[in-house]
Each structure stands twice: as structure tokens, then as C-alpha cells.
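Trainee: Those protein sequences? They're chains A and B, same order as listed.
With numbering that gives the first Met the number 0 applied, the first sequence covers 0 to 241.
With numbering that gives the first Met the number 0 applied, the second sequence covers 0 to 241.
Worth flagging that the hints you see were computed from the coordinates, not collected in a lab.
If you're wondering where the values come from, they're calculated on a predicted model, not measured in any experiment.
Mixed in with the good hints there might be a few duds.
It does not matter which identical chain is used: a pair holds within one copy or between any two.
[Claimed, not checked] Below, a list of computed lysine to any residue pairs in the SDA-like style, where the Cα atoms sit at most 20 Å apart:
#1 Lys-216 x Glu-27
#2 Lys-146 x Val-110
#3 Lys-65 x Ala-94
#4 Lys-190 x Trp-48
#5 Lys-65 x Asp-138
#6 Lys-146 x Gly-25
#7 Lys-216 x Glu-3
#8 Lys-216 x Pro-89
#9 Lys-190 x Gly-86
#10 Lys-216 x His-157
#11 Lys-65 x Ala-83
#12 Lys-190 x Arg-95
#13 Lys-190 x Arg-224
#14 Lys-190 x Arg-223
#15 Lys-146 x Gly-122
#16 Lys-65 x Tyr-186
#17 Lys-65 x Gly-222
#18 Lys-146 x Glu-27
#19 Lys-216 x Asn-39
Chain by chain, the residues run as shown.
Protein chains: 2
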Amino acid sequence: MTLELFYWPGLQGRGEFIRLALEEAGLEYIEVGAGRAEDNQGVPAITHWLDGEDVARPPFAPPFLKVGSEVIGQTAAILMWLGAHHGLAPTEESARLWTHQVQLTIADAVVEAHESHHPVSAGLYYEDQREEAQRRAVDFREARIPKFLGWFDRVMSHNPAGPAFLVGDALTYADLSLYQLVEGLLYAYPKATTRALAECPNVVALHSAVGERPRIKAYLESGRRIPFNAGGIFRHYPELDG
Amino acid sequence: MTLELFYWPGLQGRGEFIRLALEEAGLEYIEVGAGRAEDNQGVPAITHWLDGEDVARPPFAPPFLKVGSEVIGQTAAILMWLGAHHGLAPTEESARLWTHQVQLTIADAVVEAHESHHPVSAGLYYEDQREEAQRRAVDFREARIPKFLGWFDRVMSHNPAGPAFLVGDALTYADLSLYQLVEGLLYAYPKATTRALAECPNVVALHSAVGERPRIKAYLESGRRIPFNAGGIFRHYPELDG
Numbered sequence: 000m001t002l003e004l005f006y007w008p009g010l011q012g013r014g015e016f017i018r019l020a021l022e023e024a025g026l027e028y029i030e031v032g033a034g035r036a037e038d039n040q041g042v043p044a045i046t047h048w049l050d051g052e053d054v055a056r057p058p059f060a061p062p063f064l065k066v067g068s069e070v071i072g073q074t075a076a077i078l079m080w081l082g083a084h085h086g087l088a089p090t091e092e093s094a095r096l097w098t099h100q101v102q103l104t105i106a107d108a109v110v111e112a113h114e115s116h117h118p119v120s121a122g123l124y125y126e127d128q129r130e131e132a133q134r135r136a137v138d139f140r141e142a143r144i145p146k147f148l149g150w151f152d153r154v155m156s157h158n159p160a161g162p163a164f165l166v167g168d169a170l171t172y173a174d175l176s177l178y179q180l181v182e183g184l185l186y187a188y189p190k191a192t193t194r195a196l197a198e199c200p201n202v203v204a205l206h207s208a209v210g211e212r213p214r215i216k217a218y219l220e221s222g223r224r225i226p227f228n229a230g231g232i233f234r235h236y237p238e239l240d241g
Numbered sequence: 000m001t002l003e004l005f006y007w008p009g010l011q012g013r014g015e016f017i018r019l020a021l022e023e024a025g026l027e028y029i030e031v032g033a034g035r036a037e038d039n040q041g042v043p044a045i046t047h048w049l050d051g052e053d054v055a056r057p058p059f060a061p062p063f064l065k066v067g068s069e070v071i072g073q074t075a076a077i078l079m080w081l082g083a084h085h086g087l088a089p090t091e092e093s094a095r096l097w098t099h100q101v102q103l104t105i106a107d108a109v110v111e112a113h114e115s116h117h118p119v120s121a122g123l124y125y126e127d128q129r130e131e132a133q134r135r136a137v138d139f140r141e142a143r144i145p146k147f148l149g150w151f152d153r154v155m156s157h158n159p160a161g162p163a164f165l166v167g168d169a170l171t172y173a174d175l176s177l178y179q180l181v182e183g184l185l186y187a188y189p190k191a192t193t194r195a196l197a198e199c200p201n202v203v204a205l206h207s208a209v210g211e212r213p214r215i216k217a218y219l220e221s222g223r224r225i226p227f228n229a230g231g232i233f234r235h236y237p238e239l240d241g
């Protein structure tokens, strides 16, 4: 069964956390948002599920994943499903729940990365909230980036199976998402993130190892990986870094 | 087995979403944060789990729930566990995942409710970010409150089992959390929330029905329900409402 990923075209955004899991699991999937309206794809296909009167379980927002007739929304919920069904999560209940907890904390960090350049409204341009963003970014880069990355590092150093992964002794979707969070932070806040990573050797090692996994490396080099840009969650405004 | 809830004392906060589920399920639990340090409770007991070097799975932040030797953090993950083990969620996998998706969207709304009065930093006083909050609150009350409440209302009206609950034909933890979200929004933004609720009859009906459930009503009237206050997620600053 081919999976269908629904996400706004032209952005990594939250869709990228799903793409990395799909790629690592070797699953076939269609990028519906990037398709053409005449093929029942593209943005109209996304809005059908969001707004359709006949949709029993309308997602609140992209990304969402269509699995047969079922539509799953919310990044962390999609990853939980992929983890359980495609070998990217532990099988034991408490370890699975812990993996999900780590993922929800990554999701919290992702929200804050977005808020750092859009502290007033996601509906306004950055340029219309630049002053507020400059205040918020100070807190984000000085307090929040070190706190989040430090916590992930500590989770790895406390992992009874060793510090190579966040949970247990095998890769989970949370490791893939932490890779993407670090990539995004290094793009958006290179100075602050490099400084914070100097205290987080486990996170640095995981980031390198994930980038070298054969399927992830092939994806990153494939041309299908959309570059970071000024429309996504992670945005590089030099005046916000420091 | 008595459950142990770890949350900062004196606040509803995110702990309240857990309390409502514990109360509805009729479970015995200890409020560790409200206890005394000499009984190995209180704030030191919270920080032990957050910062302890010997903790294999340290939560990022309260609330967390201790179940025997296991510690579960992240509000939505705790509720997922309570739902699965204590009759507050459907048993079928896709319905359970949908319940969790709805909960994650409630969690998103809760984050935005907090950001509306703390758009610069959770570490600064409101008074030090009042100007930024006034801009953010306009977007929150005019765009985000109607969007979130409207989505919950639509989820209920699209529910194949009828509009009495968010998912299926029985109460889930998501219904309890939506009750709490509405309570909090009515406290913090009474004008904007009343206006939005006028378009959301299903949400209004659910809010009333949950408040009348015997165990919830008993809890609300028990004196154990901490009143809303200026230290929580939902704060009433009249200048932000309108």
C-alpha cells in the first residue's frame, strides 16, 4: 500500500519529520501537496481533507498521512503510528510511551523555533514583528536552545542501553526527529546552536550518525530534500542569532 | 496502586488536565507537589525526577505521573496512558489514535493561550512583555480562539456517532480536556470566548455536560480545585480581552 503524505509544497516544515521516518523505513509514499490539481493532488487535495463536509476525522492542519482510508494528523501521532507499524519504535509499552514523550518534547522545541521569528502571529510577515522577534530570539537562543539540547543529551547519557540513541539500543523515529531539529537549529541559529552543541556530545554524535545512515544519506543527496528557506519553521535571520 | 501526580503547587496549569482524568476515572492519587519536603514530597520531589543523575527517563517538565516505578511525562502522553488503562479512550486503534490527535490539538491551543500573555519569554514577568502581549492577544482572540473552538465543534458535528462527544459515543479524556480549555478561555478571555462559543453549540453542550458529571462536579465543588490565578496558563488581563 502506497502511503500519501499531505503537506504544503515547497517547505520542509513539519512534513520533514514525517519524510525522514518514511525514508528510513523504506516506505513508498506520494507527496500529494507537490502533485497537480488535475491528478486530484496539490493544495486542493489538502484543503479537501481539512475543510470537507464529508470528512469524519478532519485534521486540524498538515502534515497528515493517508493510510488506506484512514487519515492521521499531528506530527507526533503520525510518527507514533509509523514507529509502531514500521519498525521505528520499541515494542514494549513503556519504552514506546517514553519514545513518544521524547518526541512531544521535540515538538515543543519546534513550536518555540517557529515562535522565535513569529512571536506575534503566524499570519503576519516576519518584517511586521521583527522587533518582538528580536526580544524573543534572545531568550530562545540563550535559554531555550541550551535547555532543550541539554535535555536530549542527558536523556542519551542516562539511557541504560548506552548513549548512542535516545531510547534503547536501536534507532527510533525520535532520533530522526532530533537529527532534523539539530539541522534546523544549525541553519537558523548557527552561532547559538554551535555554542550549545559544544556541551552536548551525545547529540552531536547522533546527528552525525543519522546523517550517515544509507537511506537518510541517499534522501539528503537525492534532490528531493527541499532546502531550508524563509517560508519554513527554521529561518535564518542573522539579526536574531548571536 | 496509588498514582502520584507531580505538578507545581498552587496552579491548575497543565496538571489540571491530568487531575480531571484522574477524578473522572475515580482513581486514588497523591498530589506530590502539594506535600511536605519532610514526607519526601513537595517541590524537592519534583526536582529530583527532573534533575536526578540516577533517573533513567527524566521528564522535561511537570506534570508527570508516577505509576509504580514508571514515570510518564508530557500531558498528552499521560492522558493517552490513563485513557488506555482506565476506560477514558476507545479500544480500537484508529479511534484511539484519533482521540490522541484531538488531544494534541488541545495541547496546541493551550500553548497558544500561554503565549498570548508571554510572547517574549516564560522567564519574564507579564509586565515586562505587556506591549508584545497586546499585539499577540489580538491575533489570539480574533483568529486563534475561533479557529480552535470551531474545529472542535466541527469534529463533534462530523462524529458519525453523533455530536455529544469528540470521539465515538462515550466520554474520553479529550472531552475532559476540552472542558478545561473552555473553562480556561472563559476565565482569561471572557468576551472573545463568549463570542466564539456563540458559533459552537456542540462545544457549549459538551462543556455543560462535563461540568455536570457526578465525579467532575464533586471535584469542582470539593475545594481541591485550585482557582484560576495569575500564575497559570490561563490568565485574565482585561486589557488583552476585547
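Trainee: Next, verify each hint and record whether it holds.
Mentor: Hint-by-hint comparison with the structure:
Taking CA atoms no more than 20 Å apart as the test, Lys-216 paired with Glu-27 passes inside one copy only; the shortest distance there is 17 Å, against 50 Å between copies. Taking the closest pair of Cα atoms, Lys-146 and Val-110 come within 20 Å of each other both inside a single copy (15 Å) and across two copies (18 Å). For a Cα distance limit of 20 Å, the shortest separation of Lys-65 from Ala-94 across copies, 15 Å, qualifies, whereas the shortest one inside one copy, 26 Å, does not. Within a single copy, Lys-190 and Trp-48 get their C-alpha atoms no closer than 40 Å, and across copies no closer than 31 Å, so neither meets the 20 Å cut-off.
In the homo-oligomer, the alpha carbons of Lys-65 and Asp-138 never lie at most 20 Å apart, since the shortest distance is 38 Å inside one protomer and 31 Å across protomers. Taking CA atoms no more than 20 Å apart as the test, Lys-146 paired with Gly-25 passes in neither setting, with 33 Å inside one copy and 36 Å between copies. In the homo-oligomer, the alpha carbons of Lys-216 and Glu-3 never lie at most 20 Å apart, since the shortest distance is 22 Å inside one protomer and 44 Å across protomers. Taking the shortest Cα distances, Lys-216 and Pro-89 never come within 20 Å of each other, neither inside one copy (23 Å) nor across copies (40 Å).
For the homomeric pair Lys-190 and Gly-86, neither the shortest alpha-carbon distance inside one copy (35 Å) nor that between copies (49 Å) is at most 20 Å. Taking identical chains as interchangeable, the C-alpha atoms of Lys-216 and His-157 are never at most 20 Å apart, the minima being 28 Å within one chain and 42 Å between chains. For the homomeric pair Lys-65 and Ala-83, the shortest alpha-carbon distance inside one copy (16 Å) is at most 20 Å, but the shortest distance between copies (24 Å) is not. For the identical chains of this complex, Lys-190 and Arg-95 are neighbours neither inside a copy (34 Å) nor across copies (42 Å), given an alpha-carbon limit of 20 Å.
For the identical chains of this complex, Lys-190 and Arg-224 are neighbours neither inside a copy (24 Å) nor across copies (45 Å), given an alpha-carbon limit of 20 Å. In this assembly of identical chains, Lys-190 and Arg-223 lie within 20 Å of each other by CA distance neither inside one copy nor across copies; the values are 27 Å within and 47 Å between. When the C-alpha separation of Lys-146 and Gly-122 is checked against a cutoff of 20 Å, the pair qualifies only between copies, where the shortest distance is 13 Å, while the shortest distance within a copy is 28 Å. With identical chains, the CA atoms of Lys-65 and Tyr-186 are never at most 20 Å apart, being 30 Å at best within one copy and 38 Å at best between copies.
Proximity of Lys-65 to Gly-222 under the C-alpha cut-off of 20 Å is found in neither arrangement, the shortest distances being 24 Å within a copy and 46 Å between copies. For the homomeric pair Lys-146 and Glu-27, neither the shortest alpha-carbon distance inside one copy (36 Å) nor that between copies (34 Å) is at most 20 Å. With identical chains, the CA atoms of Lys-216 and Asn-39 are never at most 20 Å apart, being 31 Å at best within one copy and 49 Å at best between copies.
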